[in-house]
Amino acid sequence: MNAVLLVLAGVLLLVPARECSAAVPDRVEKTEAEWKALLTPEQFHVTRLKGTEPPFSGKYWDFHEKGTYACVCCGAELFSSRDKFDSGSGWPSFTAALEHAPITEKRDFSYGMIRTEILCARCDAHLGHLFSDGPPPTGMRYCINSASLQFLPEPR
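Mapping of the sequence shown onto mature numbering (1 follows the signal peptide of the UniProt record, and there is no 0): residues -22 to -1, 1 to 134, in sequence order.
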């Protein structure tokens, strides 16, 4: 079980990290040198070093084509354009992941905040964060870095 330790009001808690229910197909593992050779410097910084691209700078934040968004590292299909919305945050935002998307959620305590980090369960790429301030029907906002995605257009 993936879990994180949390100290809250002086009490040590073991909190389980929620993972997707789908089995992780064909794990993808590479060395740091292999990832650096495969990815652009920005993609490497975001996906392997848990970086964040500046808001309103990524190629998909104001992108409206129909299709699927996949992990830039391993190609796992993660999000549909049907679930994409303009959150005003400057990053691509989705109300839901694809039903069988290999996504792992982990608590992130960086920068003095408590957030839910979203990772590709197939290759451990950092994708972004999940917030509960999205629109209906889910009320969720998957706030994802463009640098962690590749777009697969719908066939015409």
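Worth double-checking, as some hints may not be accurate.
As the list claims (entries may be wrong) - Label-pair ranges, simulated between beta-carbon atoms:
#1 Met91 - Gly117: 15 to 21 Å
#2 Thr18 - Glu77: 43 to 49 Å
#3 Phe63 - Glu10: 32 to 38 Å
#4 Arg134 - Lys84: 34 to 40 Å
#5 Arg134 - Ile92: 41 to 47 Å
What the hints assert, rightly or not - Listed next, the in silico DSSO-like pairs over lysine-lysine satisfying Cα-Cα at most 30 Å (straight line):
#6 Lys28 - Lys84
#7 Lys37 - Lys14
#8 Lys8 - Lys84
#9 Lys28 - Lys44
If you are wondering where the hints come from, they were derived from the structure by calculation, not from laboratory data. Backbone N, C-alpha and C fix where the C-beta goes; we use that ideal spot for every residue, glycine too.
Now for the hints, and whether the structure bears them out:
Range check, Met91 to Gly117: Cβ separation about 20 Å, and the 15 to 21 Å hint holds. At roughly 30 Å, the beta carbons of Thr18 and Glu77 sit outside the given window of 43 to 49 Å. A C-beta distance of roughly 35 Å is found between Phe63 and Glu10, which places it inside the suggested range of 32 to 38 Å. Between Arg134 and Lys84 the beta carbon distance is about 38 Å. The supplied range of 34 to 40 Å therefore holds.
One distance hint, 41 to 47 Å for the beta-carbon pair Arg134 and Ile92, holds here, with the actual separation near 44 Å. Taking the CA atoms of Lys28 and Lys84, the gap is near 12 Å; set against the 30 Å cutoff, the hint holds. Only pairs whose Cα atoms come within 30 Å are accepted, and Lys37 paired with Lys14 is accepted, the gap being roughly 20 Å. Only pairs whose Cα atoms come within 30 Å are accepted, and Lys8 paired with Lys84 is accepted, the gap being roughly 21 Å.
Restraint check: the Cα-Cα separation between Lys28 and Lys44 comes to about 27 Å, which is no more than 30 Å; the hinted pair holds.
Hint compliance for this structure: hint 2 alone is broken.
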